[in-house]
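Turn these sequences into a full structure, and let the hints steer you where they fit.
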Amino acid sequence: MPRIRDIAQICKSKNAGPFMVTIDVLFEDPALYRKVKEAGVLSAALFSRLYGVAEEDVLFTPYDTASAFKATLPRLVPAGDIGDTDVYGAQQHAPLLDVEIPL
Amino acid sequence: MNEYRMLSTSGILGYGYAEESLKIGMSWEPHLIGCDGGSTDPGPYYLGAGKSFVSRLSAKRDLRLMLQAAVAAKIPCIIGTAGGAGGAPHLQDTAALVREIAREEGLSFRMALIHSEQSKPSLEERVRLGQTRPLAKMNSLDAETINRAERIVGMMGPEPFNKALDGGAQVILAGRSSDPAQWAGPAIRAGIPPAVAWYAGKMLECGAEPSVPKEPDNIFIRAREDHLVCEPPNPIRRSTPLAVANFALHENSSPIHHTEPGGLLDTSACLFEAISDRAVKVSGMTWTPAEQYTVKLEGVERAGYRAITVCGTRDPVLIGQIDSYLETHREKVRVKAASFGVPPEDYTMVVRTYGKDGVMAAWEPVKAITSHELGFVIEVVGRTQDIANAVLAMARTSMLHADFPGRLCKEGNMAFPFSPSDIELGPMFRFSIFHVVAPRDPYEMFPIEYETV
Numbered sequence: 001m002p003r004i005r006d007i008a009q010i011c012k013s014k015n016a017g018p019f020m021v022t023i024d025v026l027f028e029d030p031a032l033y034r035k036v037k038e039a040g041v042l043s044a045a046l047f048s049r050l051y052g053v054a055e056e057d058v059l060f061t062p063y064d065t066a067s068a069f070k071a072t073l074p075r076l077v078p079a080g081d082i083g084d085t086d087v088y089g090a091q092q093h094a095p096l097l098d099v100e101i102p103l
Numbered sequence: 001m002n003e004y005r006m007l008s009t010s011g012i013l014g015y016g017y018a019e020e021s022l023k024i025g026m027s028w029e030p031h032l033i034g035c036d037g038g039s040t041d042p043g044p045y046y047l048g049a050g051k052s053f054v055s056r057l058s059a060k061r062d063l064r065l066m067l068q069a070a071v072a073a074k075i076p077c078i079i080g081t082a083g084g085a086g087g088a089p090h091l092q093d094t095a096a097l098v099r100e101i102a103r104e105e106g107l108s109f110r111m112a113l114i115h116s117e118q119s120k121p122s123l124e125e126r127v128r129l130g131q132t133r134p135l136a137k138m139n140s141l142d143a144e145t146i147n148r149a150e151r152i153v154g155m156m157g158p159e160p161f162n163k164a165l166d167g168g169a170q171v172i173l174a175g176r177s178s179d180p181a182q183w184a185g186p187a188i189r190a191g192i193p194p195a196v197a198w199y200a201g202k203m204l205e206c207g208a209e210p211s212v213p214k215e216p217d218n219i220f221i222r223a224r225e226d227h228l229v230c231e232p233p234n235p236i237r238r239s240t241p242l243a244v245a246n247f248a249l250h251e252n253s254s255p256i257h258h259t260e261p262g263g264l265l266d267t268s269a270c271l272f273e274a275i276s277d278r279a280v281k282v283s284g285m286t287w288t289p290a291e292q293y294t295v296k297l298e299g300v301e302r303a304g305y306r307a308i309t310v311c312g313t314r315d316p317v318l319i320g321q322i323d324s325y326l327e328t329h330r331e332k333v334r335v336k337a338a339s340f341g342v343p344p345e346d347y348t349m350v351v352r353t354y355g356k357d358g359v360m361a362a363w364e365p366v367k368a369i370t371s372h373e374l375g376f377v378i379e380v381v382g383r384t385q386d387i388a389n390a391v392l393a394m395a396r397t398s399m400l401h402a403d404f405p406g407r408l409c410k411e412g413n414m415a416f417p418f419s420p421s422d423i424e425l426g427p428m429f430r431f432s433i434f435h436v437v438a439p440r441d442p443y444e445m446f447p448i449e450y451e452t453v
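Line by line, the protein sequences are chains W and R. Here this note's numbering is used: the first residue of the first sequence is 1, the next is one more, and so on. Here this note's numbering is used: the first residue of the second sequence is 1, the next is one more, and so on.
Derived from the structure by calculation, the hints contain no laboratory data. Hints may be right or wrong, so weigh each one.
Straight-line C-alpha distance at most 30 Å; calculated DSS-like pairs for lysine-lysine [stated by the list, open to error]:
(1) R:281 x W:35
(2) R:163 x W:12
(3) W:12 x R:120
(4) R:163 x R:137
(5) R:51 x W:37
(6) R:214 x R:281
(7) W:35 x R:214
(8) W:12 x R:137
Take a look at the structure:
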């Protein structure tokens with residue numbers, strides 16, 4: 001089964017304000033995006049499981065016009081607070097790369 | 001056809017851009033040139049300390065070329081969120097830089113400074129009047145939180161920029177501002193509908209990000225009645241539908257709803273079309289004015305003082321038992337700190353282990369350590385700098401010399417790359433205010449000062 005890292009053109013994370021991190025997956029080919037969407041693996045439940053946050057705290061939005069998925073979740077620690085490891089939130093995407101999509 | 005052309009030089013003033021890009025961009029006859037000057041992204045320190053996260057030398061280089069171009073073309077030059085965080089010291093430092101460049105280059109213009117730092121009494125009054133509400137999962141704003149804060153800024157919308165243009169300013173330096181506002185305002189003033197003007201602002205706020213290869217550089221937007229066209233001046237870059245769509249997702253919790261001071265930009269029906277191999281047309285955005293105009297507040301408070309040290313181990317015996325070693329280490333530091341009079345409640349110690357979970361902490365799904373070496377950043381935040389320094393020095397010594405089962409490396413467990421090994425980071429800040437306020441109008445929180453440079 002292909003993984004996200006094999007089929008997506010962009011997979012990235014970044015702060016959305018100091019308290020949230022937002023993770024994006026983009027596809028260049030709208031047809032492939034639609035297949036991934038139909039597979040139903042990418043969902044709020046997936047992000048809840050991968051990051052250990054409550055599902056109701058995950059804002060998950062497929063964005064058809066950009067062939068993209070976005071998930072926004074609360075950071076472990078606010079940006080720059082004691083114990084933060086990633087002030088910009090730019091390296092929190094990796095668990096997604098190995099997610100398998102049944103196509 | 002009404003067309004308003006805007007040239008943004010970089011992601012942040014001081015991140016740099018190719019001089020050639022600016023020459024080409026200016027030949028496309030923009031009505032406005034500018035650059036975003038800041039962000040909360042580098043964290044709470046810069047707002048608290050009143051410092052910039054880019055160097056004065058690189059900001060001056062970027063600004064000098066922009067001012068020369070703007071004066072030669074007789075167009076406005078606007079810097080939003082000046083100095084990195086938009087507080088009073090940030091705005092004044094940027095103004096000093098502009099005056100210095102003008103003197104060196106013999107330039108003259110009318111300049112506006114738009115202030116955004118909010119006084120504590122004014123905010124207490126707004127709390128009393130019930131004008132504030134929390135964002136994210138913050139508590140309601142109260143007088144105590146306001147008074148604990150080191151510095152608080154309001155995030156202005158497009159209206160103060162337009163007021164400064166109406167006031168005859170050619171160069172505008174703004175305090176904290178919503179990233180797209182410095183572009184959306186002048187575009188709306190020129191008759192471009194708000195939906196297109198705001199989207200244009202979003203495309204311009206980070207320079208060449210909506211292009212490939214994605215690096216700090218210029219971006220050029222042509223805003224028209226029902227669409228905009230995005231094109232990078234630098235011939236080595238291209239805007240593609242993927243690059244533009246990717247950027248539409250940037251730093252926002254939703255890809256389709258963008259909340260701004262005066263309303264909501266909806267991008268759910270946007271269409272990204274390549275109109276050449278390097279320019280993209282975006283259409284279909286909508287704008288819904290808000291019933292209540294709101295301004296976001298950002299504030300930070302001092303959380304203590306910080307000191308850090310960096311070290312690494314190459315010892316396989318130690319790597320094999322690193323979790324229990326770090327537990328022992330923490331206990332040794334606690335006992336020794338208490339012995340010189342620092343109780344545990346006076347400091348927090350965090351050890352980040354690179355090669356294990358230094359990047360993702362509790363979010364790291366990979367539990368097995370497969371690296372032959374591990375790196376550590378030991379951090380101590382203390383009630384005072386002296387406490388932070390003292391506990392950190394003890395943590396460093398304990399990390400180097402603590403015993404562990406099966407230890408062969410009896411002279412020391414860690415490689416320290418530097419002398420001095422301990423780095424004093426000074427005051428540490430945390431975001432404490434992240435609220436919105438409903439002002440009487442879009443201007444009252446953002447007084448404008450004019451001067452002739």
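Hint-by-hint comparison with the structure:
The hinted pair formed by residue 281 of chain R and residue 35 of chain W meets the criterion: a straight-line CA distance of about 26 Å does not exceed 30 Å. Between residue 163 of chain R and residue 12 of chain W the alpha-carbon distance is near 38 Å, which puts this suggested pair outside the 30 Å criterion. With a C-alpha separation of about 38 Å, the suggested pairing of residue 12 of chain W with residue 120 of chain R is violated against the 30 Å cut-off. About 34 Å separates the Cα atoms of residue 163 of chain R and residue 137 of chain R, which puts this hinted pair outside 30 Å; it is violated.
Of the supplied pair hints, the one linking residue 51 of chain R and residue 37 of chain W is violated, its CA atoms being roughly 45 Å apart against a limit of 30 Å. Using a Cα cut-off of 30 Å, the hinted pair residue 214 of chain R and residue 281 of chain R holds, with the two alpha carbons roughly 18 Å apart. For the hint pairing residue 35 of chain W with residue 214 of chain R, the CA-to-CA distance comes to about 28 Å; that is within 30 Å, so the pair holds. For the hint pairing residue 12 of chain W with residue 137 of chain R, the CA-to-CA distance comes to about 24 Å; that is within 30 Å, so the pair holds.
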